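Throw the hints in and build the complete structure from the sequences for me.
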Amino acid sequence: MDKDTLELEKLSSEIKKLKAEIEYIKLPFLKKPQFWTVVPSIIVIALSYFGAQITEQHKEITRLQSEQVRLEAKQSEWKLFFYRNSFNQIEKELQLGYLPGYINGIINSTEGSETVDRIINNPTKKSIGKFAYGVAMQVSEQAISKRKELVEERIK
Numbered sequence: 001m002d003k004d005t006l007e008l009e010k011l012s013s014e015i016k017k018l019k020a021e022i023e024y025i026k027l028p029f030l031k032k033p034q035f036w037t038v039v040p041s042i043i044v045i046a047l048s049y050f051g052a053q054i055t056e057q058h059k060e061i062t063r064l065q066s067e068q069v070r071l072e073a074k075q076s077e078w079k080l081f082f083y084r085n086s087f088n089q090i091e092k093e094l095q096l097g098y099l100p101g102y103i104n105g106i107i108n109s110t111e112g113s114e115t116v117d118r119i120i121n122n123p124t125k126k127s128i129g130k131f132a133y134g135v136a137m138q139v140s141e142q143a144i145s146k147r148k149e150l151v152e153e154r155i156k
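No gaps in the numbering here: position 116 of the sequence shown is 116 in UniProt numbering, and each next residue is one more.
In case anyone wonders, no lab produced these hints; they're calculated from the structure. Be aware that a few hints might be false.
Calculated pairs, DSS-like style, for lysine-lysine (alpha carbon to alpha carbon, straight line, at most 25 Å) [unchecked claim]:
1) 3 - 16
2) 79 - 59
3) 92 - 146
4) 92 - 26
5) 146 - 79
6) 148 - 79
7) 32 - 19
8) 19 - 31
9) 92 - 79
10) 31 - 16
11) 17 - 32
12) 32 - 16
13) 17 - 3
14) 26 - 16
Label-pair distances were calculated between CB atoms; the ranges are [unchecked claim]:
15) 69 - 35: 49 to 57 Å
16) 64 - 35: 36 to 44 Å
17) 139 - 76: 32 to 40 Å
18) 76 - 41: 49 to 57 Å
19) 71 - 155: 35 to 43 Å
20) 101 - 155: 24 to 32 Å
21) 77 - 147: 21 to 29 Å
22) 69 - 135: 44 to 52 Å
23) 123 - 77: 40 to 48 Å
24) 140 - 73: 34 to 42 Å
25) 86 - 111: 34 to 42 Å
26) 77 - 103: 48 to 56 Å
Just so you know, these numbers come straight off a predicted model, no measurement behind them. Every residue, glycine too, gets a C-beta built ideally from N, C-alpha and C.
This is the structure we're talking about:
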């Protein structure tokens with residue numbers, strides 16, 4: 001083999017290599033092995049990223065929901081405290097100021113004075129009990145209606 005033949009074979013071999021490379025480049029990317037090594041990696045990375053995002057989102061939602069429940073409980077405690085305090089204040093107002101005056105008003109009214117005079121002139125257990133029961137019923141009815149009014153005022 002002479003030098004020219006060797007040179008010719010060398011060029012022929014190089015031409016075959018270039019043709020093979022051109023054919024390889026012309027192949028669709030799906031038929032190339034590099035595609036099949038990169039794609040699974042990209043899929044795994046994407047799934048990991050989105051999985052982590054979803055997990056973080058669920059954690060944040062859970063944290064916010066528990067914070068909401070905690071704040072609603074605290075709000076309910078404050079409302080309960082406010083209503084109890086209002087109720088106690090109403091009780092004090094009724095006991096200290098209103099009821100004794102109402103009882104005196106019943107006794108000092110015309111009908112109340114006449115009834116007291118009748119009881120003094122003829123004191124029987126029945127007449128005293130009936131009068132005391134009537135006064136107690138009127139006072140309790142009036143106290144209940146007054147409490148309702150005060151509670152409604154404070155709620156508004």
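Against which earlier hints does the structure fall short, listed by number upward?
Those not satisfied are hints 2, 4, 19, 23, 26.
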